[in-house]
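Given the structure of chain A, go ahead and fit chain B onto it with the hints provided.
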Amino acid sequence: MSISKYPDGFSDGVAILGMPVLNLYGGDVYWVSSDSGSADSTGQKGDFDMPFATIDYAIGRCKANNGDQIFVKPRHSETVTGVAGIALDVAGVTITGFGRGASKPTILMDGAATVTAAVTAANVVVKGLRFSAGHADVASCFVVTAADFMLEDVDFIDNAANENWLSPVDTTGAAAEAASGLSITDCTWTSVDAGCLGFVKIVEDISRITVERCVLNVDLATNVRILLVTAAKDQRGQLLIDNFISSANGNGVTSISDNATTTANSGFVVRNRCKHLDTTTTHLLFPAGGIGACTHDNQSTSVVTLQGFLLPVVDS
Amino acid sequence: MFLPYAGKNQFWVHSNPTANTISKGSDAYPGTRQRPFATLAYALTKCTTAQDDVIILMENHSEEFTAASAITVSKSNIHIVGLGNGGQRPKLKFGADVSAVLISGSENTMRNINFVAAFADVAKGITITGADNVIDNCEFSDDATAENFLTPIYVNGATDNAADGTQITNNRWYSVDAACLEFVQCDTDVARMKYNGNRVDTWGVGVNAGLLVTAGKSMQAIEVIGNMHSTQATASVTGTTVWGNQADNDGVVAENLSFCLDVAGEVHVLLSGAALFENYGNSIGTVSAYILPARDTNA
Chain A
3 MSISKYPDGF SDGVAILGMP VLNLYGGDVY WVSSDSGSAD STGQKGDFDM PFATIDYAIG
63 RCKANNGDQI FVKPRHSETV TGVAGIALDV AGVTITGFGR GASKPTILMD GAATVTAAVT
123 AANVVVKGLR FSAGHADVAS CFVVTAADFM LEDVDFIDNA ANENWLSPVD TTGAAAEAAS
183 GLSITDCTWT SVDAGCLGFV KIVEDISRIT VERCVLNVDL ATNVRILLVT AAKDQRGQLL
243 IDNFISSANG NGVTSISDNA TTTANSGFVV RNRCKHLDTT TTHLLFPAGG IGACTHDNQS
303 TSVVTLQGFL LPVVDS
Chain B
408 MFLPYAGKNQ FWVHSNPTAN TISKGSDAYP GTRQRPFATL AYALTKCTTA QDDVIILMEN
468 HSEEFTAASA ITVSKSNIHI VGLGNGGQRP KLKFGADVSA VLISGSENTM RNINFVAAFA
528 DVAKGITITG ADNVIDNCEF SDDATAENFL TPIYVNGATD NAADGTQITN NRWYSVDAAC
588 LEFVQCDTDV ARMKYNGNRV DTWGVGVNAG LLVTAGKSMQ AIEVIGNMHS TQATASVTGT
648 TVWGNQADND GVVAENLSFC LDVAGEVHVL LSGAALFENY GNSIGTVSAY ILPARDTNA
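Going down the list, the sequences are from chains A and B.
Going letter by letter, the first sequence gives residues 3 to 318 in the numbering used here.
Going letter by letter, the second sequence gives residues 408 to 706 in the numbering used here.
For reference, chain A alone in the conformation it holds in the complex:
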């Protein structure tokens, strides 16, 4: 049995089971699922009953700046290979996965350490998906060279031992300010590989970057941080708030960011919690010269029997 469909909506609105319901999107809708019996997307309508087989195919059906939506059904899985194996090249597309735990749609990024999802169009949103590294030291999952990319409720995991991400999100290749507006909220990164480097790799000036409520369990990594920033690159309007990172970082490795202060930075670095293995008396969460932002209630610990303490020391 298929569900009732009203593709043109209702000109004067609609009430279902007694409640007026208003659709909050203006574009077209496509569905994706590997659980529908179709081996590929050809011949599928991309609707709820005949979904496409891959996300990349669905993106190819979307129109730029149209507010199109791609919904990914629970238990969807696909394997992606190659540079830009997923091409997020249509502006304004939102991809939303449904499902929790093992039912969360899972994308295996496989074949080589160079496999990527390339974000080359502005205002793309990805949420509710799980990306699994299928190769050793995959350099990055999302390579972001366009503005206002948003990740929400996305998990980055290892597919197996020694199959891991170095930097799940990477702006390599973006011109100065091209990746501004990057927003990563409520995401997780879980790995037992020692080689993990940075949750977000920043290589150029960027404004309005947000990393908020993310949890990074990279317990064996010895040189990892939330932001891995190329020297002397500016971050204006940054928000690094309520993140947790657990690592094996040794002496002198800054867990929040290695971005040395520049007078062109601004923003807030607030309530980040960092567990590491720096047992010196000079724990640093970011360079000693500051990060060019307001810092508040960031905590650090390297002793599992003790709780985190405020770092850096409080102003007076």
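There could be a bad hint or two in this list.
What the hints assert, rightly or not - Just a few of them, taken from the derived set where beta-carbon distance is under 10 Å, the chain B residues facing chain A:
(1) Y412
(2) Q417
(3) W419
(4) A435
(5) T439
(6) I463
(7) N467
(8) F472
(9) L490
(10) V614
(11) M635
(12) S695
(13) I698
(14) P700
Derived from the structure by calculation, the hints contain no laboratory data.
Every residue, glycine too, gets a C-beta built ideally from N, C-alpha and C.
Frame of chain A; chain B shown alone:
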């Protein structure tokens, strides 16, 4: 994705000619999703006061205004909702130094809209003179270098307390212009104002505040909770979060965080009469923010 709502009518608005599956809007259309209006001003004329009508500004909708009060929300209970994320959110541009949006009715809502300064030093963006209006989850930004707001939201009123119940929540203002002033100015007595969850990061160098209460005006039952403000002011900072000079305020100012570059004795909260809890401030990037003003001592 879906909004349960209790309104009578819904009107869709879409100006953007690049959209290609839905028709470009026209005010001659019926204002449906497939045949949307072109302008917000026209959609407002179709709404009826006190019916909780909804106006949906579609992704990439964009309008620019050069006349004062070009958008006037004089009715009540109109809910204007933008669709989309990031740069896809509808843009209402201020193309002249005028307050192009006037909300003089009551109990109206503007949500998920990008208000863009497309002119240098727009003195006042939105003017609110009615009661119980809400600006929520909106962005205030610059269209280009040297195109910026001085004060994005201006709360006034024909008489004191006409704008009681104003709610300005969960908005974000980012600008690199050195002339930026306060995010909100209250130029009237206001009761029951909620100024919560806003994040302001400007490169304004003058003495400015997140919420500036004009000298001689008071705030009763105010909430100023969970805001973050950062400016580049270097001297004589007297109220990065909130500033007012009267002693008869009341309400709560709590859990705000402020940053400026005044290392000589900055004051982030000044609103005598309000209850203060867990407000922190900082002026040096190498240390953590400290509680300011100091805690009571049970003495």
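Evaluation of the provided hints:
no.: 1; hint: Y412; result: 5 Å, holds
no.: 2; hint: Q417; result: 5 Å, holds
no.: 3; hint: W419; result: 8 Å, holds
no.: 4; hint: A435; result: 15 Å, violated
no.: 5; hint: T439; result: 4 Å, holds
no.: 6; hint: I463; result: 7 Å, holds
no.: 7; hint: N467; result: 5 Å, holds
no.: 8; hint: F472; result: 22 Å, violated
no.: 9; hint: L490; result: 5 Å, holds
no.: 10; hint: V614; result: 18 Å, violated
no.: 11; hint: M635; result: 5 Å, holds
no.: 12; hint: S695; result: 5 Å, holds
no.: 13; hint: I698; result: 8 Å, holds
no.: 14; hint: P700; result: 13 Å, violated
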